[in-house]
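Chains as they are written, first to last, in my numbering: chain F, 1 to 506; chain C, 1 to 506.
Calculated from the structure, these hints are not laboratory results. Fair warning: this is a prediction, and the values are worked out from it, not measured in the lab. Warning: the hint list may mix true and false statements.
Since the list gives no way to pick one copy over another, a pair counts as held whenever it fits inside one copy or between any two copies.
[Claimed, not checked] With a straight-line cut-off of 20 Å between C-alpha atoms, the simulated SDA-like cross-links for lysine to any residue are:
(1) 40 x 14
(2) 40 x 485
(3) 40 x 267
(4) 40 x 18
(5) 465 x 305
There are 2 protein chains.
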Amino acid sequence: MTTLELQIKRVGIDTYRENVAYLHRNCAVVRAAGFQALAKVEVQANGRAILAVLNVVDDARIVGERELGLSEEAFERLGVAAGHGATVQHAEPPESIAALHRKISGERLSREDFRSIIRDIARARYSKIELAAFVVATNQFELDRDEVLHLTQAMIDAGRRLDWHQEVGAGPVVDKHCIGGIPGNRTSMLVVPIVAAHGMLCPKTSSRAITSPAGTADTMAVLAEVELPFERLVQIVRETRGCLAWGGTAELSPADDILISVERPLAIDSPGQMVASILSKKIAAGSTHLVLDIPVGPSAKVRSMPEAQRLKKLFEYVAARLGLQLDAVITDGRQPVGFGVGPVLEARDVMQVLENDPQAPDDLRQKALQLAGRVIEFDPDVRGGEGYAIARDILDSGRALERMNAIIDAQGRRREPLEAAPLTYDVIAPTAGAVVAIDNLRIARVARMAGAPQVRGAGIDLFKKLGDNVAAGEPLYRVHARFEADLRFARQLAEVDGGYQVAPHE
Amino acid sequence: MTTLELQIKRVGIDTYRENVAYLHRNCAVVRAAGFQALAKVEVQANGRAILAVLNVVDDARIVGERELGLSEEAFERLGVAAGHGATVQHAEPPESIAALHRKISGERLSREDFRSIIRDIARARYSKIELAAFVVATNQFELDRDEVLHLTQAMIDAGRRLDWHQEVGAGPVVDKHCIGGIPGNRTSMLVVPIVAAHGMLCPKTSSRAITSPAGTADTMAVLAEVELPFERLVQIVRETRGCLAWGGTAELSPADDILISVERPLAIDSPGQMVASILSKKIAAGSTHLVLDIPVGPSAKVRSMPEAQRLKKLFEYVAARLGLQLDAVITDGRQPVGFGVGPVLEARDVMQVLENDPQAPDDLRQKALQLAGRVIEFDPDVRGGEGYAIARDILDSGRALERMNAIIDAQGRRREPLEAAPLTYDVIAPTAGAVVAIDNLRIARVARMAGAPQVRGAGIDLFKKLGDNVAAGEPLYRVHARFEADLRFARQLAEVDGGYQVAPHE
Numbered sequence: 001m002t003t004l005e006l007q008i009k010r011v012g013i014d015t016y017r018e019n020v021a022y023l024h025r026n027c028a029v030v031r032a033a034g035f036q037a038l039a040k041v042e043v044q045a046n047g048r049a050i051l052a053v054l055n056v057v058d059d060a061r062i063v064g065e066r067e068l069g070l071s072e073e074a075f076e077r078l079g080v081a082a083g084h085g086a087t088v089q090h091a092e093p094p095e096s097i098a099a100l101h102r103k104i105s106g107e108r109l110s111r112e113d114f115r116s117i118i119r120d121i122a123r124a125r126y127s128k129i130e131l132a133a134f135v136v137a138t139n140q141f142e143l144d145r146d147e148v149l150h151l152t153q154a155m156i157d158a159g160r161r162l163d164w165h166q167e168v169g170a171g172p173v174v175d176k177h178c179i180g181g182i183p184g185n186r187t188s189m190l191v192v193p194i195v196a197a198h199g200m201l202c203p204k205t206s207s208r209a210i211t212s213p214a215g216t217a218d219t220m221a222v223l224a225e226v227e228l229p230f231e232r233l234v235q236i237v238r239e240t241r242g243c244l245a246w247g248g249t250a251e252l253s254p255a256d257d258i259l260i261s262v263e264r265p266l267a268i269d270s271p272g273q274m275v276a277s278i279l280s281k282k283i284a285a286g287s288t289h290l291v292l293d294i295p296v297g298p299s300a301k302v303r304s305m306p307e308a309q310r311l312k313k314l315f316e317y318v319a320a321r322l323g324l325q326l327d328a329v330i331t332d333g334r335q336p337v338g339f340g341v342g343p344v345l346e347a348r349d350v351m352q353v354l355e356n357d358p359q360a361p362d363d364l365r366q367k368a369l370q371l372a373g374r375v376i377e378f379d380p381d382v383r384g385g386e387g388y389a390i391a392r393d394i395l396d397s398g399r400a401l402e403r404m405n406a407i408i409d410a411q412g413r414r415r416e417p418l419e420a421a422p423l424t425y426d427v428i429a430p431t432a433g434a435v436v437a438i439d440n441l442r443i444a445r446v447a448r449m450a451g452a453p454q455v456r457g458a459g460i461d462l463f464k465k466l467g468d469n470v471a472a473g474e475p476l477y478r479v480h481a482r483f484e485a486d487l488r489f490a491r492q493l494a495e496v497d498g499g500y501q502v503a504p505h506e
Numbered sequence: 001m002t003t004l005e006l007q008i009k010r011v012g013i014d015t016y017r018e019n020v021a022y023l024h025r026n027c028a029v030v031r032a033a034g035f036q037a038l039a040k041v042e043v044q045a046n047g048r049a050i051l052a053v054l055n056v057v058d059d060a061r062i063v064g065e066r067e068l069g070l071s072e073e074a075f076e077r078l079g080v081a082a083g084h085g086a087t088v089q090h091a092e093p094p095e096s097i098a099a100l101h102r103k104i105s106g107e108r109l110s111r112e113d114f115r116s117i118i119r120d121i122a123r124a125r126y127s128k129i130e131l132a133a134f135v136v137a138t139n140q141f142e143l144d145r146d147e148v149l150h151l152t153q154a155m156i157d158a159g160r161r162l163d164w165h166q167e168v169g170a171g172p173v174v175d176k177h178c179i180g181g182i183p184g185n186r187t188s189m190l191v192v193p194i195v196a197a198h199g200m201l202c203p204k205t206s207s208r209a210i211t212s213p214a215g216t217a218d219t220m221a222v223l224a225e226v227e228l229p230f231e232r233l234v235q236i237v238r239e240t241r242g243c244l245a246w247g248g249t250a251e252l253s254p255a256d257d258i259l260i261s262v263e264r265p266l267a268i269d270s271p272g273q274m275v276a277s278i279l280s281k282k283i284a285a286g287s288t289h290l291v292l293d294i295p296v297g298p299s300a301k302v303r304s305m306p307e308a309q310r311l312k313k314l315f316e317y318v319a320a321r322l323g324l325q326l327d328a329v330i331t332d333g334r335q336p337v338g339f340g341v342g343p344v345l346e347a348r349d350v351m352q353v354l355e356n357d358p359q360a361p362d363d364l365r366q367k368a369l370q371l372a373g374r375v376i377e378f379d380p381d382v383r384g385g386e387g388y389a390i391a392r393d394i395l396d397s398g399r400a401l402e403r404m405n406a407i408i409d410a411q412g413r414r415r416e417p418l419e420a421a422p423l424t425y426d427v428i429a430p431t432a433g434a435v436v437a438i439d440n441l442r443i444a445r446v447a448r449m450a451g452a453p454q455v456r457g458a459g460i461d462l463f464k465k466l467g468d469n470v471a472a473g474e475p476l477y478r479v480h481a482r483f484e485a486d487l488r489f490a491r492q493l494a495e496v497d498g499g500y501q502v503a504p505h506e
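Extracted from the complex, chain F is given alone in its bound form:
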């Protein structure tokens, strides 16, 4: 609680989303205020303030006794020049912490509680520990549907919101989203060019892989730039009616981006958080109509039809109250979609479908046409049941490929060849028979071990799908890796359980 002034220094350490302040152990502020490492402090300079975690430094080359070091993220967030004066004091707990404690005790929270919590999270006022507590508490005492509505609304209010009235008037702004969990399920990269070619506005933003071997943003990054400044993104949508960009730069739901950084390591994906996360981003992106893909299968996120129906109803309840037209489609999630798993291999599949290549995976093509058809039926001039045929015509005629190329050029084309990583290992069928089960989770894990998505060419190429016949010793799939160690780990995993069940013919 002292007001001694220190000089701001930018410390070249990237701590990602965590603000860190570095103070020398002999700094008068540390000694007077009794600061300890990992204390939460408030840094004030030039009328601005941020919260940060304190690291105590013993090396004057990193920070001197009269300096206040800031990590890259903290320095940018504070936005005050190096050398400027600053003060440091113990941070007051965030305003909403009482509401957090009530949730931890199992109480139902109000609209105002969620607003206050999400505002504090978006402003980076929550520590990792507090974020984890919020995620676990809202996971355990399952949120009722009005709480999910409040959470979604709060997430929208905490971010930027796009408006496309100038472009479409009262017409629909469309999007398509999948709840995830199925490797190779890259239908967005087909649906967006098809519906944009139909003339609909589709400002699609995607995520990077969280626990999967590739997110749409990872796969699209093989073909084009995906980290686009906000203004550029808007311009591209105006020009091409569509885009396939990473959503993080758009700041559409900053609180959600922060929560995901905690949900991921805990592998928590509760229905309430899923609905709030997806719908807040779509509404913030200005979408008015959404087709939602809910895959069901024994190794999908949703394992049974009753569970899928419950989730669908929750999505519908919240969407309706927020003025979003929702068409939720329950799909077959019993196996990966397409042949490739991993950014390069998936991009290859997508381009083959767009190019009407006879080698293209038909399941990916059919699923994309089905979903694109549902989106096209949001067009008031299209009759119910006609969407699929319109989508197929757009794809077959090459207009979808043309539109995809326009989007790629607008975002910035990447010239790298679509080559899978060179080291390979084939997983073979132990006996002859038919493929009766494929474990999505196992396939995803092997592909990640092989290096996907960080190594773009790493992943899996599937040779057999459900119902296919195999001979003993015939390859089921091929693992691709760039590094020996990665291949070894992936192979070890696949040798324990390759994720395929082959049943002998009667």
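Please build the complex by placing chain C on the supplied structure of chain F, with the hints as guidance.
Same frame as chain F, now just chain C:
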């Protein structure tokens, strides 16, 4: 997943209990393995391994492209010299993470589950996020009593355990503990010298303040050294039959020390965690008999008698199964104990009681004698009901003071004068009447704002207690601070609500 070798460098940054590894952004390992900031990595060197959080560095003066920087804590934990080669790879999740996920989903965990979780926590394999998830999950789905037993046993097994058979044979090794929450409640500093003077072995270790204005270790630190190497601590207990040291250096329950660092900022103190934390430390310290103080009052941790009874039964259940003799005493927790709140002011109270000073606070003296009496009755040669009188004789005769001085000298006497901080502010009675309520939490908060426990002389000196008569304008208590800003903050808080209720006489 690459095995490129890097050179270990010690980076002079203290990150407290969090291991941090610093790698340069252009380091081949970062680029090849696609590491991102805050990723969890495993560092291996010379046959040893630690887990660490990754910070990416852009300044070659902190770490070069072929170096692996380690924070102070990480460097010490790894225990390999600077300049030695090391490799880095993505960390596998801790073994017990599946059990953690089951607890998050609300399942009951087995003895083996708790053993595996606590082992991983003690080895620093859990991230902050995972720790917070464990604490919130065990708080929400309240642990049943066998789970508390398993948790306690696992905490004992993960640490060091003392054995005093050589010293006492089959005789009792005693301790006294309070569940906390009452400012000024420094009875341990009286009970230990009294029972040690009676000849009982009392290896008392204490904690520092967590959310209070002083822990016993903070108050004792005014008089003597409390951070003692493990071997020295054992030696002191042999010499003086008692000690009043900080427990952290003894590594008696390392998992508990780590969990507390997360429970504290979340203000979570569930019955199960409290029982496991307290009993694991006592049993690890070799205690065979424990007197437990459970204060009850409207602003105490336990607010009602039924709640106190439930907590008492849970303590008794677990203690009995672990072979610890427990005597749980429910005490009056309606107001602070003694006059002083804060390390120096509490140390003054304690010394006045030991010196039989007529100014000494009688409530502190009476409570200490009562608890010491209960401990003394663990002595098989003492008849039930005689303990109090024996304790009083030891105190009145000066033998308790003599023993306290022996303990202080053995631990290392501090020569600082017992002076309260010089800046003061008096909180006065707004009207004449009698004091009818004192809010423990409010008094603690004002004392902390004034600088306690970091500023040892800061805190509060109480002039009036429950039932005392006051005139309008008469001081209720005095706030002591060393810094103007601290005094201002404490005063602002006290002006909103000073924590006293004065009711006019009829």
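Structure-based check of each hint:
{"no.": "1", "hint": "40 x 14", "verdict": "both (18 Å within a copy, 14 Å between copies)"}
{"no.": "2", "hint": "40 x 485", "verdict": "between (40 Å within a copy, 18 Å between copies)"}
{"no.": "3", "hint": "40 x 267", "verdict": "between (27 Å within a copy, 15 Å between copies)"}
{"no.": "4", "hint": "40 x 18", "verdict": "both (11 Å within a copy, 14 Å between copies)"}
{"no.": "5", "hint": "465 x 305", "verdict": "neither (22 Å within a copy, 65 Å between copies)"}
Comparing the model with each numbered hint stated earlier shows that hint 5 is the single one that does not hold.
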